[in-house]
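Chemist: Spelled out, the chains give:
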Amino acid sequence: MTMFSTAPITLSHAHLMRTTLILAGTATLLAMPFAISSFSISLLNLVGIYALAALGLTLITGSGGVTSFAQAAFMGIGAYASAYMTLRLGLGAWIGLGAALLVVGACAALMGAVTLHLGGHYLPITTLAWAVAVYMVFGNLTDLGAHSGIGDIAPISLFGLPLDRPDRAFYLVWAVLVLALIGASNLLSSRQGRAISALRGGAVLAQSLGVNPFRVRLLLFVLAAELAAIAGWLFAHTQRFISPSSFDLNVGLQILLMSVLGGIGNVLGAVIGSAAVTLGRNAIQDLLPGLGLNAGTLEIIVFGIVFILLLHYSPRGLSPLIEALLPTRSGETLPTIGQDERLAFSRTTDRDAPVLAVRGLGKRFGGLAAVDDLSFEMRARSITALIGPNGAGKSTTFDLISGLKIPSSGTVLFLGEPTRGKPAHTMIGSGLSRTFQHVKLRPKVTLLENVMMGAHWRMKAGLFAGLLRLDRREEREFRRVAMLALKEIGMDEDPLALAGNLPLGPQRLLEIARALASDPVLIILDEPAAGLRSQEKQALAKLLRHLRSEGLSILMVEHDMEFVMGLADDIVVLDFGRRLALGKPAEIRNNPRVQEAYLGGAE
Amino acid sequence: MDLQIAAILLQDGMANGAIYTMLALGFVLVFTTTRIIFASYGDLIALSALTLHALQNGRLPGTVSLVAILAVFATTVECWSLMRAGKLRRVPRAILIWLIIPVLPVAGCLLLQDHLSHAAQIALTVALVMPIAPLLYRLVFQPIERASTLTLLIVALVLHYVIAGFALLTFGAEGVRTAGAVSGSVELLGVSVGLQVVAFVSVAALFSTGLALFFRFTMAGKALRATAYNSAGASLVGISTRGSAVFAFLLAGVIAAIVGILIGPTITIYYDSGLMIGLKGFVGAVLGGFVSYPLAALGSVIVGLVEAYASFFASLFK
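So the protein sequences, as listed, match chains A and B. The first sequence begins at 2 in our numbering and counts up by one. The second sequence begins at 28 in our numbering and counts up by one.
Worth double-checking, as some hints may not be accurate.
Which residues of chain A face chain B? A few of them, derived with a C-beta cut under 8 angstroms, are [what the hints assert, rightly or not]:
(1) 68
(2) 123
(3) 187
(4) 254
(5) 257
(6) 302
(7) 305
(8) 306
(9) 308
(10) 309
(11) 311
(12) 312
(13) 316
The set of hints was computed from the structure by calculation and includes no laboratory data. Ideal Cβ positions, reconstructed from N, Cα and C, are used throughout, including at glycine.
Okay, chain A solo, but in the shape it has when bound (with noise of 0.2 angstroms):
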C-alpha cells in the first residue's frame, strides 16, 4: 500500500528536481559573461560552436549508425559562404546564414545521394576525402584568401546590436545551441525519430516497418549538415577570420572525437563532449608548463592519454555518466483505454477471397535452390502454416513473399497484385506486415513507442514537424492504437517498459502487436509461439483466432505442432524448398510422405 502512495510523490519530486535543474541551467547561462574572464567566454563559445557541430555527428552516428568525418569540412563551407556574402558581396550576416544553409544542403544532399547507397565502410572514406578535398580547395582559391585566409568579417547584428564582442556573442551562440537541442530531442521523439531508431535496428527491420533507409540516412546527412553550416557561421562571425585550417581533416576528426567522448547515446553528449576536449585542453596547456613540463609536444600526449582512460572508465562516453545523476523524465501520461475497447482493422478483404498467391516461386543461393518452385494460395480471413524440417525454406519464403529477397523465379500476388519490382518498404503499405524469427526489436525503447513504429506509415508527421513538435495530436492518436495493440497480447500493463527487458517469448508477442498497429490484411508470422510457457500459446491461440474473426489473414511458420495443428486452416509443408503436401491439418497428419520427412524412412 505504502508503495502505491509513495510513487506520485517521487513522481512530481522529479518533476521538481528536473525543473529546478533546468532553471539553474539557464541562470547560470544568463550570469556567466558577468563572472567569468573575456577569454573564457570566448573559450566557451568555442565550445558552444562545436558542440553544434558535434550534435549532428551525434545524429547520424547516434541514431543513424553512420559515421562522418566530414562535419568540420561543412562547417568550412558554411563560414566560406557566409563570409562571401558580406565581405565581397557586402551583404548582411544573416543573409549570409541563408547563404550558408543553401550551399551546405546542396553539397551535403548531392554527396549524400551519391555515396549512401553504398553500404559498410565506404561512407566514412567519402567524408573523409571530402574532408580533405574542401581544405585543399580553401587553400588555393586566392579570391576566398588561399591559405592565409579571410580576415576583418563583419560581426552578426542583433536588433541593431553588433555582436562584436566574446561577452555579447555568447548569447547568441548558446541560445542556437539550447535551441538546437530541444530541437533535436523533439526530433528523436517524434515519428521520424523512431524511423530513425528503426533503422538502427538494420535495413530489414526499417524496411519491413515501411521506412526507406536511403531516404532516413539522407535526410540525418543533410540535417547533421546544416547543424554544421550554422556552426561555420557562427564560428566565421564570432572569430571574424578564417583560414582553410580551422576547417581540416584535424578539425574534422577532432569533432568526431568529442561526439564520441561525450557519448553518441544522447544528444547532451555533444555539448558534454565538446565542453570536456575544448576546456580539457586548454586546462592541459595551462598545466603543463607549471609543472616544468614542455607544453607543445606534450599535450597533445596527456589529452590523448587522459581520453583513452575515460573511454576505458565509460565505453560509450561521458553522457551515461552524467545521465546517472540526472533525475529520471516524470512520468508521461498514458491513454487511457476503455474495459471493453479493441484495436480495429478497417482494411479487411472479403470472405475467401485470394489474399495471397504464390506460383511457382523460387530462390537459388548459387547452387543451393533455397526455395524450388513453390505454389500455394492463401483465402482470406484463414490461418495458413508452413511447416517443414530447419532448412526446408520456410524463411527464406517469408523473406520472398515479404519482399526483402527478390525471387530467382515466380511470382507473389498479394491482392491480386504481383509484388515484384515493389520496394520492400511499401509492402507494410499495401497491408502485409510481418515478424522475424529473430526477433528485431530496438531493446532501449519502451513497449508502447516500439509498438508505434508499426504504425509508422500511417502517420504524416515529416522532419519539421517533428522539430517544432506539431506533431502532438498525431501522436496522441497512434499512441492510443498502440496502447490498443499492446492490450490485443496482454501486455498493455507497463508500457513504458523497455523492450529489451522482456523475456524472448513475450518480444515475440511485441512483435505481434507492432505488426497489428500497422492495421494489416495479412500479418506473416515467423515462430510466433517459440519460447512462451503452455499458458502463452494458449492465449496466443486466442489472439490469431480472433483477429481472423476479426477479418485478418495469417500466415505464420511454426515448429509446434500441437499449436499449428489447433489452430490452422490450412497446412503447406515444405521439404528441401519444395512443396511436400498441402491440405487441411488432418490430411497433413495422415500424410505418409510428411511423416517420413519428419520422422525419416520406415526402412
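Guided by the hints, dock chain B onto chain A, whose structure is given.
Modeler: Relative to the frame of chain A, chain B by itself:
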C-alpha cells in the same frame, strides 16, 4: 603521355600498390579478428623508418623507451588482473611474454648499437617495432574489447596522436630518409625497372603468399580465421580470442616494420607521416570490402596506380 612514361608510371603504381597491399593485409588482419579499424597502424611504419634511420646514424632510437614503457605498463596491468582473478601461477608466464621478450631487443639495442652490420640493423628494427602493436592491444584495446566499432576506431585515432607526439618528443621534427639496401635497375622487356620496385613487389608477393599458406595450412592460421568468422563460436571450441588478437597485432606489427624499412629510402618520413600512409592502405582495404585478402590486395594496387597516374597528370612536369 607516351608509352615510355606510361611504363614508368606503371612501375611507380605497382611499387605503391605493393606497399599498400601489405598495409591493407595488416588492416584486414586486425579488423577481422578484433573489429578494430587500426587507424594508428601507419604510425608503426613511420616508427620503423625512424628507428632504422637512428640506428644507421649511430643514435639510440626513441622506440627503445617506447617499447620499455609499454612493456612495463602492459606487464603491470596483466599481472594485476591475473592477481585479482587469483591466477598467481600464471604471473611468471605473463612476465616472460609481456616484459622479458619485448624488452630483449631493447637490451640488444642498448648493448650492441655501435657494432651492427646493415642487415643486423634491419633485423633489430623489426625486433623493436614488432612488439609495439601487441603491447598497444593489451594496454589500450583489450580493456574495451566489447566496445562499439566506432569507439574502437576513435581510440585508435587518438592513439595516432599519442604515438606521433611521442615520436616528435624522441625523434624530433626533422624528416628522415634511411640509406637504401638496394639500388640500381634491371632491364625487363625492354624497360628499365628499378631494383627498389622489384624489391617492393617481390616482398609483397612473398608476404601475401606466405599469409595465404599460413591461413590455409597452419593451426594458428585456422584459429585466426575462425575468430574472424565468428569469435563467439571460436571461443566455444577452445580458441582464445584474446590470443588470436595478440597474434593478429603481432603479425600486423611485423608487416608494418617491413613496410617502414622498404619505403624508408624512397620517401621522407616525419614523426606524423603515419596517418597519411595508413590512410592509403585503409582505402585499399575498403575498396576490397575490408574482409577479403585478395580483394584488399587488388584494391591497394588500384589505389597505387591511380595515385601514380593522377599525380602525373596533376603535376607540372608532364
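Chemist: Run every hint past the structure and note whether it holds.
Modeler: Evaluation of the provided hints:
Given hint, residue 68 of chain A at the interface with chain B, holds; its Cβ is 6 angstroms from that chain's nearest Cβ, closer than 8 angstroms. Residue-level restraint check for residue 123 of chain A holds (minimum Cβ-Cβ distance to chain B is 7 angstroms; threshold 8 angstroms). The interface hint given for residue 187 of chain A is violated, since its Cβ lies 25 angstroms from the closest Cβ of chain B, which is over the 8 angstroms cut-off. Hint on residue 254 of chain A holds. Least Cβ distance to chain B is approximately 6 angstroms, under the 8 angstroms limit.
Because the closest C-beta pair between residue 257 of chain A and chain B is about 7 angstroms apart, less than 8 angstroms, the hint holds. Against a cut-off of 8 angstroms between C-beta atoms, the interface hint on residue 302 of chain A holds, since the closest Cβ of chain B lies about 4 angstroms away. Hint on residue 305 of chain A holds. Least Cβ distance to chain B is approximately 4 angstroms, under the 8 angstroms limit. With a least beta-carbon distance of about 6 angstroms to chain B, the hint placing residue 306 of chain A at the interface is held under the 8 angstroms criterion.
With 8 angstroms as the threshold, the beta carbon of residue 308 of chain A comes within range of chain B, its nearest partner Cβ sitting at about 5 angstroms, so the hint holds. For residue 309 of chain A, the interface hint holds, the least distance from its beta-carbon to any beta-carbon of chain B being 6 angstroms, beneath 8 angstroms. Checking residue 311 of chain A against chain B by beta carbon gives a least distance of about 10 angstroms; that is not within 8 angstroms, so the hint is violated. Nearest Cβ of chain B to the Cβ of residue 312 of chain A: about 6 angstroms, under the 8 angstroms cut. The hint holds.
A least Cβ separation of about 4 angstroms between residue 316 of chain A and chain B falls short of the 8 angstroms threshold, and the interface hint therefore holds.
The structure does not agree with the numbered hints 3, 11 stated previously, though it agrees with the rest.
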